[in-house]
Amino acid sequence: MAELFCDARPQAVDPAANRVVRAFYNWAQANSLFILAFGTGCGAIELRPLFTARYDISRYGIMPRPTPRQSGLFIIGGYASIKTMKRIIRSYEQMQNPKFVMGLGSCTVNGGMYWDSYNTINRLDYYLPVDVYVAGCMPRPESLIAGFGRLKTLIREGRAEGANRYAENFDWYKANQKRIIKDWNMPEYNW
Amino acid sequence: MTYWLAAVGRAIVSLFFIMNVGLLTFGVVGRIVARVHGRIGPPVWQPYVNIVKTISMRTAVSHGVMFYLGPVFRITGGVGLYLLIPAVHGSTWLGNFHFTGDLILVVYFIFFGMLGMALGAAESGHPYSAMGVMRGLTQVTASEVPFAFAIIALAARHHSLSITEIVAAQQGGLLHWNLFVAPVATAAGLFSLLGMMMQSPFDIHLAPQEIPIGPPTEFHSSYLALLQTNRSIFATAKLVLFVNLFFGGATSIVALVVKVFVLFLFPVAVGVVFPRYRVEQSVRWFLGVPTAIGIAAVLIETF
Numbered sequence: 001m002a003e004l005f006c007d008a009r010p011q012a013v014d015p016a017a018n019r020v021v022r023a024f025y026n027w028a029q030a031n032s033l034f035i036l037a038f039g040t041g042c043g044a045i046e047l048r049p050l051f052t053a054r055y056d057i058s059r060y061g062i063m064p065r066p067t068p069r070q071s072g073l074f075i076i077g078g079y080a081s082i083k084t085m086k087r088i089i090r091s092y093e094q095m096q097n098p099k100f101v102m103g104l105g106s107c108t109v110n111g112g113m114y115w116d117s118y119n120t121i122n123r124l125d126y127y128l129p130v131d132v133y134v135a136g137c138m139p140r141p142e143s144l145i146a147g148f149g150r151l152k153t154l155i156r157e158g159r160a161e162g163a164n165r166y167a168e169n170f171d172w173y174k175a176n177q178k179r180i181i182k183d184w185n186m187p188e189y190n191w
Numbered sequence: 001m002t003y004w005l006a007a008v009g010r011a012i013v014s015l016f017f018i019m020n021v022g023l024l025t026f027g028v029v030g031r032i033v034a035r036v037h038g039r040i041g042p043p044v045w046q047p048y049v050n051i052v053k054t055i056s057m058r059t060a061v062s063h064g065v066m067f068y069l070g071p072v073f074r075i076t077g078g079v080g081l082y083l084l085i086p087a088v089h090g091s092t093w094l095g096n097f098h099f100t101g102d103l104i105l106v107v108y109f110i111f112f113g114m115l116g117m118a119l120g121a122a123e124s125g126h127p128y129s130a131m132g133v134m135r136g137l138t139q140v141t142a143s144e145v146p147f148a149f150a151i152i153a154l155a156a157r158h159h160s161l162s163i164t165e166i167v168a169a170q171q172g173g174l175l176h177w178n179l180f181v182a183p184v185a186t187a188a189g190l191f192s193l194l195g196m197m198m199q200s201p202f203d204i205h206l207a208p209q210e211i212p213i214g215p216p217t218e219f220h221s222s223y224l225a226l227l228q229t230n231r232s233i234f235a236t237a238k239l240v241l242f243v244n245l246f247f248g249g250a251t252s253i254v255a256l257v258v259k260v261f262v263l264f265l266f267p268v269a270v271g272v273v274f275p276r277y278r279v280e281q282s283v284r285w286f287l288g289v290p291t292a293i294g295i296a297a298v299l300i301e302t303f
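Top line first, the protein sequences correspond to chains A and B. Just so we're aligned: 34 in this note's numbering is position 34 of the first sequence, and the numbers increase by one with no gaps anywhere. Just so we're aligned: 60 in this note's numbering is position 60 of the second sequence, and the numbers increase by one with no gaps anywhere.
Calculated from the structure, these hints are not laboratory results. Be aware that a few hints might be false.
[What the hints assert, rightly or not] Label pairs and their calculated CB-CB ranges:
{"no.": "1", "chain 1": "A", "residue 1": "Asp-14", "chain 2": "B", "residue 2": "Trp-45", "range": "20 to 30 angstroms"}
{"no.": "2", "chain 1": "B", "residue 1": "Ile-104", "chain 2": "A", "residue 2": "Ile-82", "range": "55 to 65 angstroms"}
{"no.": "3", "chain 1": "B", "residue 1": "Val-61", "chain 2": "A", "residue 2": "Asp-14", "range": "13 to 23 angstroms"}
{"no.": "4", "chain 1": "B", "residue 1": "Ala-292", "chain 2": "A", "residue 2": "Arg-150", "range": "56 to 66 angstroms"}
{"no.": "5", "chain 1": "A", "residue 1": "Ala-146", "chain 2": "B", "residue 2": "Gln-209", "range": "20 to 30 angstroms"}
[As the list claims (entries may be wrong)] Reference listing, derived: stretches of chain A covered by chain B, where coverage requires no fewer than 3 residues with Cβ under 8 angstroms from a Cβ of chain B:
{"no.": "6", "stretch": "15-25"}
{"no.": "7", "stretch": "28-37"}
{"no.": "8", "stretch": "49-58"}
{"no.": "9", "stretch": "95-102"}
Note that CB positions come from ideal geometry on N, CA and C, so glycine has one too.
Modelling step: build the complete structure from the supplied sequences, incorporating the hints.
Listed below in structure tokens is the structure:
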């Protein structure tokens, strides 16, 4: 299987140098967010009503995308078990830069009700660079929409540089990931 | 030399025009579909924002030379198809490169993009891409059967394989349109249009739930931007072709835009009402009633 993967380390990529182009790109990225359709925990159930008639997230230019290659936003929906964390890391690394992560629910902040569980992580930003947390158990869709608003502000201001942070602190993130994932049979960085 | 420069310039203007028609049509149709769902829907300019966003992605992964060429083949299919169809009848700027016998080449170009995409998707190595291409090729092949019968019927009626001549024969009023002159051929053509427009119940190759997004699973960044641009050009070019063949063509830009939009509402209306077919169901459907209607159209127009 090794020949199917690339083990090259991720490189930080700077945004466009020209100020006007950068602002235009940031605006476009803020107004066209593709969510990776990967429900990673019980919070993912809150994403469904977002797409339906009552909340209709598409009016903000936000839509689900079923493949990590085309997605720009990864929502970690609540508790992340170690088993899921492995898939979360693979999916996150397959997304293209710039990519954003939103932690949804108390579990991503401090473990929530699974604080002393043996198989869930306690704090998401040890393992992935998180741009926005939406706290609560479970946060209602309105809170999520507020979280999207916050994320859009960060993107427009050019402050959502999680992908570059991940590349710059790659060793630290990998050490944390390997500390919890005991059966690490993945490439170092999965393009 | 000047002639060639002018021709290339006109082609670029024509492509820019049809790209914007396509993107705006998709934007408006997105709103309409959302209203059917009881939603508000994305802004009309969302397709533009999506393309700018996709271009602005900073990293891109390639899987090889064919992976690069897949989207290029695909957009070649769309651009080739459009540039062979006279968009506005009698116009110098939007007349494009029509010639005698272009109808045959146009049928080939509808297939061409999917074949290129198959090569690119195969290079990506993703099993879902291969599965999506297989489904797409199967369905396009099936939907081409009634379409082929429909255009054979039209060629037999007008004794011509030139789209321009078929459009010219329909000028002179509503009742000269092939819709009224050759209704059976039009019915076969419209059935096959359902399979070409990637709307339900025939969007099996995209199948967003079980095979994520089908052929373009691995395409991202600029590759995806190329595919998104092609989607607007290709879909609109097919609609322009159908307007030319069955609905009297267009003698002005306004008539073209209105006819393309109204025609697009047909597969959209069918799509929001019906759920998806499986591949074998869709093939069986195309080879059933639509093909029978196509054969009947050929028989009616020939004898």
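Range hint compliance [Cβ, Ala-146 (chain A) to Gln-209 (chain B), 20 to 30 angstroms]: holds (29 angstroms)
Range hint 55 to 65 angstroms (beta carbons of Ile-104 (chain B) and Ile-82 (chain A)) holds or violated: The hint (55 to 65 angstroms, Cβ to Cβ) holds, given that Ile-104 (chain B) and Ile-82 (chain A) are roughly 60 angstroms apart.
Verdict for Asp-14 (chain A), Trp-45 (chain B) (Cβ pair) under range 20 to 30 angstroms: holds (28 angstroms)
Three-residue Cβ test at 8 angstroms for the coverage of the stretch 28-37 of chain A by chain B: Since 5 is at least three, the answer is holds.
Given coverage of the stretch 95-102 of chain A by chain B, checked by CB-CB distance under 8 angstroms (3 or more): holds (count 3)
Coverage assertion for the stretch 49-58 of chain A with respect to chain B, Cβ distance below 8 angstroms, three residues required: holds (count 4)
56 to 66 angstroms as the expected CB spacing between Arg-150 (chain A) and Ala-292 (chain B), which holds or is violated: The hinted range 56 to 66 angstroms holds for Ala-292 (chain B) and Arg-150 (chain A), with Cβ atoms some 58 angstroms apart.
Distance restraint hint 13 to 23 angstroms, applied to the beta-carbon atoms of Val-61 (chain B) and Asp-14 (chain A): holds (18 angstroms)
Given coverage of the stretch 15-25 of chain A by chain B, checked by CB-CB distance under 8 angstroms (3 or more): Since three or more residues must qualify, the claim that chain B covers the stretch 15-25 of chain A holds, with 4 doing so at under 8 angstroms.
Of the hints listed earlier, there is not a single one the structure fails to meet.
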